[in-house]
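Novice: With the hints as your guide, set chain B onto chain A.
Here is what each chain is made of, one letter per residue.
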Amino acid sequence: MTEPRLTYTLESCTHCLHCMKICPVEAIHLEDGIVKIDPVQCIDCGICVAGCPKGGLTVEKIPLEKTLSSYDYKVALVPGSFFAQFASLEEAGQMLKAIQSLGFDEVVDYSDIEGALYLEGICRMEVADQLCITSFCPSINALIEKNYPMLFEHLLDLEYPCEVAARQVRARLEGKYPRIGIYSLCDCLAKMALAKAPFGNQASAIDHAVAISQIFPAANRQKGKACFPVTLNREGLMSNVSDFYHYAKKKKPIIAVDGVNHCIQALEAAEFGALDKIGLLALFACQGGCIGGSYLWSNPFIGEVHMEKLSYLAGKHVAALSQTEMSGHRELAMDKTSMPLKMQRYRSVNEVLEKLPRFDCGACGYPNCRALAGAIVDGKAGLHLCRVRKEE
Amino acid sequence: MKICYEVQKDDYDSAGRVSSQIKKTLKQMGFGPQMIKRVAVSSYESEINLIIHSLGGTLCLEVDDEGIITLACDDVGPGIPNLDLAMQPGYSTASKKAREFGFGAGMGLVNMKRMSSAFDIASSGEGTHIRMVFHD
Chain A
1 MTEPRLTYTL
11 ESCTHCLHCM
21 KICPVEAIHL
31 EDGIVKIDPV
41 QCIDCGICVA
51 GCPKGGLTVE
61 KIPLEKTLSS
71 YDYKVALVPG
81 SFFAQFASLE
91 EAGQMLKAIQ
101 SLGFDEVVDY
111 SDIEGALYLE
121 GICRMEVADQ
131 LCITSFCPSI
141 NALIEKNYPM
151 LFEHLLDLEY
161 PCEVAARQVR
171 ARLEGKYPRI
181 GIYSLCDCLA
191 KMALAKAPFG
201 NQASAIDHAV
211 AISQIFPAAN
221 RQKGKACFPV
231 TLNREGLMSN
241 VSDFYHYAKK
251 KKPIIAVDGV
261 NHCIQALEAA
271 EFGALDKIGL
281 LALFACQGGC
291 IGGSYLWSNP
301 FIGEVHMEKL
311 SYLAGKHVAA
321 LSQTEMSGHR
331 ELAMDKTSMP
341 LKMQRYRSVN
351 EVLEKLPRFD
361 CGACGYPNCR
371 ALAGAIVDGK
381 AGLHLCRVRK
391 EE
Chain B
1001 MKICYEVQKD
1011 DYDSAGRVSS
1021 QIKKTLKQMG
1031 FGPQMIKRVA
1041 VSSYESEINL
1051 IIHSLGGTLC
1061 LEVDDEGIIT
1071 LACDDVGPGI
1081 PNLDLAMQPG
1091 YSTASKKARE
1101 FGFGAGMGLV
1111 NMKRMSSAFD
1121 IASSGEGTHI
1131 RMVFHD
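Chains as they are written, first to last, in our numbering: chain A, 1 to 392; chain B, 1001 to 1136.
Excised from the complex, chain A in its bound form (with noise of 0.2 angstroms):
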């Protein structure tokens, strides 16, 4: 999955960088006056999406109509953070009825899989002799196989909720339809990529990826009186937000993280082993959880208000899964490089590191010194780049 995910609206950038400075993972970069992403750093965090100024970043939407018609059975998966636009069951299930309206066939909360995987985690964590780190959002995950790959035996292996629930609709409908359609509803950017369109991974049992937000306006217009019972789980709801991930019984301490800035400050203070009396360290890239992705309509603020609502009304049924069925198979990619030639090459960086002003001003379009450095070296980038260095 190293195809960029995110694509750039030229006309309406100004150049100010903003998006550089923001990257956590320093993915981005500027070059000759185009912002380039690089597919390998990045996370799909979506921070440089909602902090454009100009709205110049964008994800691939593919027009639901387009897709719809090529199967016979379509299926719609609700996440758990959906319902965190509601404020109560029957709107939730007047919204459900709605967006079967927009063409399927069937419409699935899969908030009892959530819970499942959540009280999952938690068990693994009590049994556990070292901290266990969870996350269901893929933003997290890369960051964690990518800039702090110490901690990835930390990490459980639980596949993502959306992904067993996938596979779950797919088994009971193989073989009644020619052609089985499953479209995830996603509430961020970085669940987008988990289905095989538009993101191309193939290994999913997902179709389609659509944006809640591309699909709430249509989907509201249709809201009527019509209702869909709704059974949600408490549990699952719970594991969206990130002030409410404690709430499961437990006997070790559960630490709740969100923001991927906070995230990395938790996973810096893990390396060191600060976090080894902990038993759970959840994490969370969206503000509040995933109730704050910004593909949802409301904010984590007032979504947490209904999230604690919901989860009064909501039944404790979790869905019975096997061992094989929540284990998700994550591997660490293995640089091959060999040591010497990577001390040979941090030298090279160095001695360019040498000239430059080291004010990481960002002016040459990357995000500090050491990335210029690095660019020159890999024969990317010019010296002449260095806006700071020519007035001297």
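There's no promise every hint is true.
Partial pick of chain B residues on the chain A-facing surface, computed with a CB cut under 7 angstroms [as the list claims (entries may be wrong)]:
#1 1029
#2 1030
#3 1033
#4 1037
#5 1044
#6 1062
#7 1066
#8 1067
#9 1085
If you want the ones that stay clear, here's a sample from chain B, every Cβ over 10 angstroms from chain A, calculated [as the list claims (entries may be wrong)]:
#10 1010
#11 1019
#12 1020
#13 1028
#14 1032
#15 1093
#16 1096
#17 1114
#18 1119
#19 1123
None of these hints come from the bench; they were simulated from the model. Computed from a predicted structure; not experimentally measured. Glycine included, every Cβ here is placed at the ideal spot set by N, Cα and C.
Specialist: Just chain B, lined up with the frame of chain A:
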């Protein structure tokens, strides 16, 4: 390639700052997670020792062209009275203040020895000198 950092005595506010820098440098160099973990833990223990036990000193990271890492921790006193005792797991002479901060579990030197490929320590009233080498 050698970088040295100064660590002040009783500077609890900056505890961990030097070892964070060392960890960051090793990541920039491209070391694998296991190696970084070994050096990061050892540098953190060294840094804390300098703060809570010493009168101040330096922590130096040296990496040669082959990628062999040396950590050198040198202070200006007061020295460790009984090295054999200090190397025993759980033995600690940390002050009440250090313990209030959660330090002083008596595992510092033990962890440093366990994490390094070679570990040398010499101590007198003039200061303590530790040299740790890390390779695969």
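Novice: Indicate, hint by hint, whether the structure satisfies it.
Specialist: Hints versus structure:
1. 1029: 5 angstroms, holds
2. 1030: It holds, given that the least Cβ distance between residue 1030(B) and chain A is near 4 angstroms, below 7 angstroms.
3. 1033: 4 angstroms, holds
4. 1037: Cβ of residue 1037(B) sits 5 angstroms from chain A, so the hint holds.
5. 1044: 5 angstroms, holds
6. 1062: Violated, about 12 angstroms.
7. 1066: 5 angstroms, holds
8. 1067: 3 angstroms, holds
9. 1085: With a minimum Cβ separation of about 24 angstroms from chain A (threshold 7 angstroms), the hint on residue 1085(B) is violated.
10. 1010: 20 angstroms, holds
11. 1019: 7 angstroms, violated
12. 1020: 7 angstroms, violated
13. 1028: At about 7 angstroms from chain A, residue 1028(B) fails to clear the 10 angstroms cut-off, so the statement is violated.
14. 1032: For residue 1032(B), whose nearest Cβ neighbour in chain A is about 8 angstroms away, the distance does not exceed 10 angstroms, so it is violated.
15. 1093: Since the minimum Cβ distance to chain A is about 22 angstroms, residue 1093(B) lies beyond 10 angstroms and the statement holds.
16. 1096: Non-interface label on residue 1096(B) holds, nearest chain A Cβ at 21 angstroms vs cutoff 10 angstroms.
17. 1114: 13 angstroms, holds
18. 1119: 19 angstroms, holds
19. 1123: Nearest chain A Cβ is 25 angstroms from residue 1123(B), so the label holds.
Hints 6, 9, 11, 12, 13 and 14, counting from the list given before, are not met by this structure.
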